[in-house]
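All chains, please: the whole structure from these sequences, using the hints.
Taken in order, these protein sequences are the chains called C, W and G.
For the first sequence, counting from 1, position 216 maps to 211 in this note's numbering; every step adds exactly one.
All you need for this note's numbering is the position in the second sequence, starting with 1, plus 53.
All you need for this note's numbering is the position in the third sequence, starting with 1, plus 16.
Warning: the hint list may mix true and false statements.
[As the list claims (entries may be wrong)] If you want a taste of the chain C side facing chain W, the calculated C-beta under 10 angstroms gives, among others:
no.	residue
1	G74
2	E76
3	S356
4	W393
5	K442
6	K449
7	Y451
Calculated from the structure, these hints are not laboratory results.
C-beta: ideal position from N, C-alpha, C; glycine also.
Given next are the chains, with one letter for each unit.
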Amino acid sequence: MSTFSRFLRKSAAKAEDQTHLLKILKAVSTHDSKVEAMKNLQFKDWESARKQAATIKNHVLENLPGFLEQFEKCITERGAEVLWAGNGIEAQNYFLEICRRHHVRKVIKSKSMTTEEISLNETIESAGMQVWESDLGELIVQLAGEKPYHIVTPAMHKNTAEIAELFHDKLGVPITESAEELTMAARTYLRDAYVTADIGVTGANFLIAREGAVVLTENEGNARLTMSCPPVHVVIAGIEKILPSMDSLPLFLPLLATSGTGQQITCYNTIIRGPRRNGEVDGPQKLYIILLDNGRSDLYRKERFRESLRCIRCGACLNACPVYRTIGGHTYQTTYQGPIGSVITPHLKPMGEWQHLSYASSLCAACTSVCPVKIDLHTLLLENRWEACANHQTGMLWRFGLKFWAFFFSKRSRLNFFRRIGRIKLPIIRPFLPHGLRKRVPQIPAKTFSTLWKEYEQS
Amino acid sequence: MNTFKSKIALFIPCLVDQVYPEIGMAMVRFLRYFGYEVTYDPRQTCCGQPAFNAGHRNEARKVARTYIRVFEDAEIIVSPSGSCTAMVRNYYPVLFHNDQVCETARALGSRVLEFSEFVHRENLTESISGKFPAVIGFHNSCHSYRELGIRELPFQILKKIDGLELRQPPGEPVCCGFGGLFSAKYSAIAAAMAKTRLSSFTELGVDYVISNDPGCIMHMRQEAIDRNITVQILHLTEFLMKAMQIT
Amino acid sequence: MSSRDKTLNRLRQSVQVGKSERSVIIPDSELYTDFPVSTADLLNLFSERLRQLHGELILAEDMSAAADNLYETIYEFPPNSCLAHAPGILEEMAKLKPAIAGRLADNTMLAADSPAFARITAGITNADYLVARSGSIILSAATAGGRRLSVLPPVHIVLAYISQLVPSLDTALEGLPESSYITIITGPSRTSDIEKKLVLGAHGPKRLVVILIKNSA
Chain C
-4 MSTFSRFLRK SAAKAEDQTH LLKILKAVST HDSKVEAMKN LQFKDWESAR KQAATIKNHV
56 LENLPGFLEQ FEKCITERGA EVLWAGNGIE AQNYFLEICR RHHVRKVIKS KSMTTEEISL
116 NETIESAGMQ VWESDLGELI VQLAGEKPYH IVTPAMHKNT AEIAELFHDK LGVPITESAE
176 ELTMAARTYL RDAYVTADIG VTGANFLIAR EGAVVLTENE GNARLTMSCP PVHVVIAGIE
236 KILPSMDSLP LFLPLLATSG TGQQITCYNT IIRGPRRNGE VDGPQKLYII LLDNGRSDLY
296 RKERFRESLR CIRCGACLNA CPVYRTIGGH TYQTTYQGPI GSVITPHLKP MGEWQHLSYA
356 SSLCAACTSV CPVKIDLHTL LLENRWEACA NHQTGMLWRF GLKFWAFFFS KRSRLNFFRR
416 IGRIKLPIIR PFLPHGLRKR VPQIPAKTFS TLWKEYEQS
Chain W
54 MNTFKSKIAL FIPCLVDQVY PEIGMAMVRF LRYFGYEVTY DPRQTCCGQP AFNAGHRNEA
114 RKVARTYIRV FEDAEIIVSP SGSCTAMVRN YYPVLFHNDQ VCETARALGS RVLEFSEFVH
174 RENLTESISG KFPAVIGFHN SCHSYRELGI RELPFQILKK IDGLELRQPP GEPVCCGFGG
234 LFSAKYSAIA AAMAKTRLSS FTELGVDYVI SNDPGCIMHM RQEAIDRNIT VQILHLTEFL
294 MKAMQIT
Chain G
17 MSSRDKTLNR LRQSVQVGKS ERSVIIPDSE LYTDFPVSTA DLLNLFSERL RQLHGELILA
77 EDMSAAADNL YETIYEFPPN SCLAHAPGIL EEMAKLKPAI AGRLADNTML AADSPAFARI
137 TAGITNADYL VARSGSIILS AATAGGRRLS VLPPVHIVLA YISQLVPSLD TALEGLPESS
197 YITIITGPSR TSDIEKKLVL GAHGPKRLVV ILIKNSA
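So, in C-alpha cells, the structure goes:
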C-alpha cells in the first residue's frame, strides 16, 4: 500500500472515531484558552514580539554558515566535541562510536524530536543497549510501543485510565485514577535510570552562536537530570536551531513557552556551555554535540522554503490545525506532524511519496496566524502543491481531470455544453459514485444564474 | 451611497452560477433595493481557484485569463464569495507574476469587493433595517477572515436586524472543511470538520447559520442533510432578503 | 569532503536573500507587561509569581531570622539527608544557629556517585539571581554546588538576598557567572502530560523553598 493510501485509510478511520475526536478537542480547547490568555497577559504586543522573533531568525538563516562555525568554535574552546552528521545514519554511527568509546550499556534520554527523526531508540536497542525515555509523555508512548502523537505533548491521545492500564501492565503499578500517583510511579521508576545511566542524550531547543551554548527548555526536570548525572552528555540538534547570542533568550524563551504551552516561561531553562569545568563538583566529563543536517541544507537551498527553518518546534500550528485536530498525530506517519510537518517532510523525504500531506489541508491559514516566528505555513503548503505539480507528481487523475476542467471552464459556451451533459449524466452516475463523493455533490438546479438573470432582465 | 458612474459588475462564482443561483439573485435584489444598477457579463465562468489551490497553475491561468478579459474594464465588481474575492485580490498577482497580463490582474484587486466589504464601502449598513426574531450564528469563512481581513463587517450588518440573537462559538472561527478540492480528495476528514463546526453552532441552540462563502454553505448543507441536523444554513444575502423582506 | 564541509558548502552556495542588519534587541521593559520598577515592586511581583507556581517563599527580616527559618524547614527531614552548598550565607547562618550544621550531611557528598546522592532529601543552595517578572531563580553549577544538588533531591531550598532581585531575564543574562551549566528555575517541577492535569514533582524537586533575606541596613 502506498504511503498516500495508508494516510487516506488512517485519516478516514480517525475522522469517524468519535472518542478520539472528543479527546483531542478536550485537550486542545483547554490549551487554546491558556495560550490566548498568556499572549495578552505577558506581552505588550504579541504581534511585535512575533515580528521581532521572525527578524532574528531570518538574520540567523541569512548567516547560518558563519553562525554554525562560531558556535562550534566557542563551545569547542570550552571542552565540547562537535560532530557534523550529514544524515541520520551518520548521526547514528557517531552515537554508536561514542557508546563504544565509553562502554555504554544504559542510555537515558530526554524528549527530542531530532532523536525520533534519526530513529535513535531503535539504533540503541539493535546494538544491545538499553534506553529509557525520561519525559513522562515519551515514557508513556515508549511503554505503549507507539510513536509520539504530538511534538510537544507526545501522549496527548491517552486518557488517565489508559495510562493507568499501561503502567499496571508494564510497571506493575496498582490501577489508579490519580494522575499524581501515576506521575510519582514514573518518577520512582526512572530514578534508578538517572543515577545509573552511562550516557545522557538530549536534543536542543536553541544553539547559541556567540557564547557557544546549548539551551534546553522543559517542565519536568528530566532533561536537567539527564545532563547532570551520567558521565557523558550527547546533544543531537538540527543545524537550524541557532540563535545569534544569549540576548535573544529573553524573547525566545517566553515566546516558546507562551505558544507551546500557554506558560509565561517553562519550569526549567538550562544553558549548557560545555562539559564539567575545573572546580565544578559534578556533571558530565564529556559533552558531544552532533549537528544534524539530514536534508536541512537542501531545504535551505530552496529559497522559498527556507523560512520553514525558522521553526522553534512549539507545536502551536498543530494545535491550531483543524485537520490535525481531526486526524491526530499518528496518522501523518512522520516525525514532524501537523502543518510544519506537512511543509517540510516532502523536502526532507521524497516529494513524490509525501506531497499528499500538503494536500491534506483546506488552506484555512490558522497555522500561519499562530506561528510565533511568522512562517507563512499555508502558503508554503500551496507552494509544495505547485512543486508537486511541476514535477508531474500529482497523479494522472488530477492532471487529466483538471485539464478537462480548465477546458470547459475557460469558455462560457463550453461550460454550458458541459452542464447540459452533466445534468443528464449525473442522476445516472450518482448511485455509482463513491459514498463520500455522492454525499458531497448536491442537487444541481434546473437553471443557472445566467438563465435566472436573463429572465430577471426581461421581466 | 452609490458612488459609481457605471453599473456594478456582478462576479458570480461558479458554485453560485451552477448550484446556488438564488444566492446570486439575492445579492442582485439587495443591490437594486439600494438603487444600484447592476450588470452581469454571461461570459464569466470561474476565477480559477480550484486549479490554483490544487497546484495546477497552468490550468488556473487558462480559466483566470477569461475572468480578466471579462472584468478588465469594470469599474467595480461585487461578489458573494470571500474566497473568490481573495483569489482575485491576493493571488492573481502571484498567478500572473511575470505574465503580460500581470498589471491588469493586479489592478483588479482593488476593484473587486466581497459583499460585506461593498456594503461597508458604500455606507449602506446604516440604512439596513429589518425584523427577524431568531437565534443565529455567523460562520465567517477562513478566506474572508484571514485572506481579506473581514472581521466585524458582517456582524455590523447583522446587528441592524431587530430581534436577532447572535450566538457565536468562542475563539477564532474554525474551518468548516470545504477547502475546495480538499473536500473531494479527503472527504472523510472534510466531513468530520463540517460536523465539528456545525456542532459548535447547534450546541448553542441556533436556528440559522449564516455565512459569507458559498463553498462553506454547500459543504455544511450537505453535512446537515447527511446527519439529519436541523439547522438552516443561509448566505448573508439570502438572509437579508428574508429579514428585510425584499422581493 | 567531510559532512561538515558538505553542509557548510551547500549552505554557502545558496543565494542569500540579502544581508539584513542584525536586528536591535528590544529590552524586556518594552516587550512585557508587568515590568517592575521599584524595589517594592520587585519583591511583590517575585512573591506573587513564586506563590502562583506553588513555590514557597519565606521572607526573613535578617540573617538570624533566616537561620531560624532554615532550621525549621530542614528539621522535619532525617538527619544527614540535607546537603548544602551555599558559601557565605550558610556560614553566617551556622554561626547564628549552630544546630543547623548538625542536620547537614558532609560536604564530600557533593562529589558522591549518583546512587548515593539520590538518598539526599533536600538540597540547599545559593542563587545567582532572582527574576521578579517570572518568579524565577537563576543558578549555576559554580554557585550551586554542582548540577545535581538543585534537581535530584525532592526538596530544593534556596538562600538569597532581596538585593539579588532583578526585574527581568535580560538583566540577569548580562551578568552570568563562568560555569558549564546555568539553569533558570521557575517553580517546582511539573507535568501536565496526563490529560492536562497538573502534577508537581515530576522528576525534579516537588518542593521549592526560597528563604529571602532582607539585607541588613
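Each hint tested on the structure:
With 10 angstroms as the threshold, the beta carbon of C:G74 stays out of range of chain W, its nearest partner Cβ sitting at about 48 angstroms, so the hint is violated. For C:E76, the interface hint is violated, the least distance from its beta-carbon to any beta-carbon of chain W being 45 angstroms, above 10 angstroms. The restraint placing C:S356 at the interface with chain W holds, with a minimum CB-CB distance near 7 angstroms, inside the 10 angstroms limit. Taken as an interface hint, C:W393 checks out: its beta carbon lies about 6 angstroms from the nearest beta carbon of chain W, inside 10 angstroms.
Interface restraint check for C:K442: the shortest CB-CB distance to chain W comes to about 6 angstroms, inside 10 angstroms, so the restraint holds. A least Cβ separation of about 8 angstroms between C:K449 and chain W falls short of the 10 angstroms threshold, and the interface hint therefore holds. Given hint, C:Y451 at the interface with chain W, holds; its Cβ is 7 angstroms from that chain's nearest Cβ, closer than 10 angstroms.
The earlier numbered hints that this structure contradicts are 1, 2.
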